[in-house]
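Colleague: Residue-level listing of the chains:
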Amino acid sequence: MKTNRMATWKRRLVGRKGNDGLIFKIVLYVLLTGISFIFLYPLLSMLSMSIMSLEDLIDATIAWIPRNLTLSNYATAFNYMHFQEALKASLQVSVYPTIATVVSSALIGYGFAHFKFIGRKLLMGLMVATFLIPTVLTYIPTTVLYRDLSVFGIPLGLSESIRAFTIPAMLGNGIRQTIFILIFYQFFRIIPSDLYEAAAVDGSGVVRTFVTIAVPMAAPAFLICGLYSFVWYWNETTLARAYFGNTYTTLPMALEAYINTYRSLYAQGQVSLDTVSSTYNLGVQYAMTLITIAPLLGVYLFLQKWFVEGVDRSGIAGN
Amino acid sequence: MEGTRTTQRKRRKFRAAPYLFCAPFFVTYIVFTLFAMGFTFYIGLTDWNGFGEMNYIGFDNYVRMFDFATDPRLLETLINTFLLMLLSMPVGIGIAVFLCFFIQKKSLKKKHVFRILYYLPALMTPVAVGLLWSILFDYDNGTINKILLALGIIQDNIYFLGTEWGCRFVLAFLLVWASFGSTVLFLSSALSNVPDEVIEAAYIDGAGPVRTYWSISLPVIRDVIIFIVITGMIGGFQMYDAPVLLFSSGPSGGLPYGGPNRACLTMMMLIYDEAFNAMHYGYGAALSYGMFLFVAAFSFTSMKLMTKKE
Numbered sequence: 013m014k015t016n017r018m019a020t021w022k023r024r025l026v027g028r029k030g031n032d033g034l035i036f037k038i039v040l041y042v043l044l045t046g047i048s049f050i051f052l053y054p055l056l057s058m059l060s061m062s063i064m065s066l067e068d069l070i071d072a073t074i075a076w077i078p079r080n081l082t083l084s085n086y087a088t089a090f091n092y093m094h095f096q097e098a099l100k101a102s103l104q105v106s107v108y109p110t111i112a113t114v115v116s117s118a119l120i121g122y123g124f125a126h127f128k129f130i131g132r133k134l135l136m137g138l139m140v141a142t143f144l145i146p147t148v149l150t151y152i153p154t155t156v157l158y159r160d161l162s163v164f165g166i167p168l169g170l171s172e173s174i175r176a177f178t179i180p181a182m183l184g185n186g187i188r189q190t191i192f193i194l195i196f197y198q199f200f201r202i203i204p205s206d207l208y209e210a211a212a213v214d215g216s217g218v219v220r221t222f223v224t225i226a227v228p229m230a231a232p233a234f235l236i237c238g239l240y241s242f243v244w245y246w247n248e249t250t251l252a253r254a255y256f257g258n259t260y261t262t263l264p265m266a267l268e269a270y271i272n273t274y275r276s277l278y279a280q281g282q283v284s285l286d287t288v289s290s291t292y293n294l295g296v297q298y299a300m301t302l303i304t305i306a307p308l309l310g311v312y313l314f315l316q317k318w319f320v321e322g323v324d325r326s327g328i329a330g331n
Numbered sequence: 006m007e008g009t010r011t012t013q014r015k016r017r018k019f020r021a022a023p024y025l026f027c028a029p030f031f032v033t034y035i036v037f038t039l040f041a042m043g044f045t046f047y048i049g050l051t052d053w054n055g056f057g058e059m060n061y062i063g064f065d066n067y068v069r070m071f072d073f074a075t076d077p078r079l080l081e082t083l084i085n086t087f088l089l090m091l092l093s094m095p096v097g098i099g100i101a102v103f104l105c106f107f108i109q110k111k112s113l114k115k116k117h118v119f120r121i122l123y124y125l126p127a128l129m130t131p132v133a134v135g136l137l138w139s140i141l142f143d144y145d146n147g148t149i150n151k152i153l154l155a156l157g158i159i160q161d162n163i164y165f166l167g168t169e170w171g172c173r174f175v176l177a178f179l180l181v182w183a184s185f186g187s188t189v190l191f192l193s194s195a196l197s198n199v200p201d202e203v204i205e206a207a208y209i210d211g212a213g214p215v216r217t218y219w220s221i222s223l224p225v226i227r228d229v230i231i232f233i234v235i236t237g238m239i240g241g242f243q244m245y246d247a248p249v250l251l252f253s254s255g256p257s258g259g260l261p262y263g264g265p266n267r268a269c270l271t272m273m274m275l276i277y278d279e280a281f282n283a284m285h286y287g288y289g290a291a292l293s294y295g296m297f298l299f300v301a302a303f304s305f306t307s308m309k310l311m312t313k314k315e
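Residue numbers (my numbering), protein chains in the order written: chain A, 13 to 331; chain B, 6 to 315.
Watch out, some of these pointers could steer you wrong.
[Unchecked claim] A few chain A residues facing chain B, derived, Cβ under 10 Å:
#, residue
1, Ile-38
2, Thr-45
3, Leu-144
4, Leu-157
5, Ala-254
6, Asn-258
[Claimed, not checked] Coverage of chain B stretches by chain A, computed from C-beta distances (three or more under 8 Å per stretch; other residues unrestricted):
#, segment
7, 73-83
8, 156-167
9, 172-179
If you're looking for bench data, these hints aren't it; they were derived computationally from the structure. Where a beta carbon is used, it is the ideal one built from N, C-alpha and C, also for glycine.
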């Protein structure tokens, strides 16, 4: 009896083939949670330091829990960044291009997936070849194109962001758009041809077939492409700086400007970790960083399933 | 039969349609990609500074960038990227392969929570990531130094970002951290596609779970691992924001662009610096062709090498 019970316990703790024991599970969860902590640590420490008062920031005895909670860092950060304008700029340079990207990628993907035409293979090959072409290779001419020649500036009242980001995206040449076109291509390819034939029998034209049959079937592709496109345009600072100069200051660009000022002041000895500066301190810096990434975190929190799906289905690498 | 004939007729009737769908892509491909590439090549033949006149100077720029005796920077960026990849990839992929052994287990509950957490850094603004890591590894006030001191592992602060290998280590760590989530996602989604029959057959043959994972599952998903390595390498050439922010005359006291002795200078950083900071558009354009050459050569050889194996 006793040995029997021992054996049961042993099985529960150590496990047997195909069924893991408790010890194994505990070790596994500790491991996974530990690694999760490494990924969350920067966020958590930013959060805690962004609500610390100046005294707490300097105080070496305080590591995590602030003695005096304050939101003044956020107030300073909002002010410094000109939050409303920066948010508006950020949305302008990310939302419009995203919509343009999704619509044009769907159209182009459908064109490649649904029709057979002369030159299709060649065009697809050219498209896939863009993966090999570093963006810098087209970087200087396009910058000049948007800045000086303003070929696309001819229509009246178009802002720089529309000219440099939205119009290329509308035409299928947005940031990393090839991958979105390929995602749509994959989605449209697997739609059974019976559906198209049925629509054709009903006398449905090309446009109606696309809108009523193809688009609903590729709904996940719209979501996946929209999300990634939004994140990538939101995070884009290198191209934005080159194309827009000072006309737009998006949230990431405002953060960058602040860091550069902070660091040059620091290097000149005008600000140090011990001097109390109400504008230039780590608390404000962290608050600003959190403000910049908060919209992305929000989107991720609610729609994480689709980001993961994007990787699963299409091989988007993020980043 | 009837149906196919109808579609055929439909297709013939709308012959212009496919071209209309794909026309935007084709037009922009000519303007933004082919024309732009040609124009970049032309700029490389001049001494243009971005605003003034373009003077044709022949192939000077293209020759100069490979003359490593006078300007070793292109070679340096190549070596830097390789070193960074050697430091980061085996670790990142190794840990991911190890973890995926457990993550793929059916008994593991809430595995999506972990996957989601690991993927978080992939969405973070590169500027913010660079900033965070420069603070984490700061000399005077960095968290890592504080932790190591508190644990008694070190006596004095380590100047991570101030030494060649220190900053390479920091950047490699950053890369592992930033790409770990997508590596795990790629691997686990590939692993879930390995047919159950194959695994069961291995079990019947008497292979344990570890053996099955190592000799059956991993070879099946080899292509995915190759893909991760190649995209990681190309990403390494093009990395820009994070390493710039890591060193931009930081709190550690005026670190040079690209780190000490340019140990963390990437190709993209070099091109950007030449063209837009030093206003040598001509040389910058030539350098971007150098980068294109390396990226293409690397992609082709690694694909050839890795698909031929076995």
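Colleague: Each of the hints needs a verdict: does it hold here or not?
Modeller: Structure-based check of each hint:
no.: 1; hint: Ile-38; verdict: 12 Å, violated
no.: 2; hint: Thr-45; verdict: 8 Å, holds
no.: 3; hint: Leu-144; verdict: 5 Å, holds
no.: 4; hint: Leu-157; verdict: 8 Å, holds
no.: 5; hint: Ala-254; verdict: 7 Å, holds
no.: 6; hint: Asn-258; verdict: 14 Å, violated
no.: 7; hint: 73-83; verdict: violated (count 0)
no.: 8; hint: 156-167; verdict: violated (count 0)
no.: 9; hint: 172-179; verdict: violated (count 0)
Violated hints, listed in ascending order, are 1, 6, 7, 8 and 9; each of the other numbered hints is respected by the structure.
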